[in-house]
Amino acid sequence: MITVLVIPADSTRLTRQHRLDPTDIPAMEKLVGGVLHPVSLTDPESSLYLPAADARFPGPCNMRATALAAFHTRPSRLPRTILRGDALLTGPTTTEGRDTDVPDELVSLLGNRMFRVQTKQSDAHKWTRGRRYVGFEHAYAHTCNAVRGIPDDAMPLIRILGASPATSDRKGNRS
Numbered sequence: 001m002i003t004v005l006v007i008p009a010d011s012t013r014l015t016r017q018h019r020l021d022p023t024d025i026p027a028m029e030k031l032v033g034g035v036l037h038p039v040s041l042t043d044p045e046s047s048l049y050l051p052a053a054d055a056r057f058p059g060p061c062n063m064r065a066t067a068l069a070a071f072h073t074r075p076s077r078l079p080r081t082i083l084r085g086d087a088l089l090t091g092p093t094t095t096e097g098r099d100t101d102v103p104d105e106l107v108s109l110l111g112n113r114m115f116r117v118q119t120k121q122s123d124a125h126k127w128t129r130g131r132r133y134v135g136f137e138h139a140y141a142h143t144c145n146a147v148r149g150i151p152d153d154a155m156p157l158i159r160i161l162g163a164s165p166a167t168s169d170r171k172g173n174r175s
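Using my numbering, the letters of the sequence shown map in sequence onto residues 1 to 175.
Hints are not guaranteed to be accurate.
Stated by the list, open to error - Quick list of in silico lysine to any residue cross-link-like pairs, SDA-like style, CA-CA up to 25 Å: (1) 30 x 3; (2) 126 x 144; (3) 120 x 97; (4) 30 x 15.
What the hints assert, rightly or not - For each label pair, taking beta carbons as the anchor points, the in silico distance ranges come out as: (5) 121 x 26: 18 to 26 Å; (6) 151 x 26: 23 to 31 Å; (7) 34 x 108: 24 to 32 Å; (8) 164 x 97: 20 to 28 Å.
Keep in mind the hints are simulated off the structure, nothing from the lab. Virtual Cβ for every residue (Gly too), placed ideally from N, Cα, C.
From just these sequences and the hints, can you work out the full model?
As structure tokens, then:
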């Protein structure tokens, strides 16, 4: 049995941990509502599963899964497509191809309400202090807008971290 994280497409619904047998593909498909489509994450290594695309009904946007695919793949690249449907997050696969427990780092991250997006140029030693946002999707959307138009060779490294609630922020979204 492994622990996975279910990420509903409806961002008003909380993520939840779920225990299942990693060889029970029908149980995994039931959690996402369709045939599994994998997306590999590399930072930390993990696997994100969504329902395979259906041209007739593409399913609701899952902005948290889309943001995970953007912020947790190295090098960070904004996805060209929006991920759709409920998602299932596991840890890295074993050499036998079996999924493992979801990384605690990602469970903790998605359990936050406040987030800080930091950037770093490839030649810099330190990350910027970054901006603070309420909601993972909000941090992702603002970051997408901020980096739109930056050529790939000038794109900074991007990371998202959980942040404690701001006490001195004027509007609650900057620091």
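Enumerated hints in conflict with the structure, sorted upward: 3, 5, 6, 8
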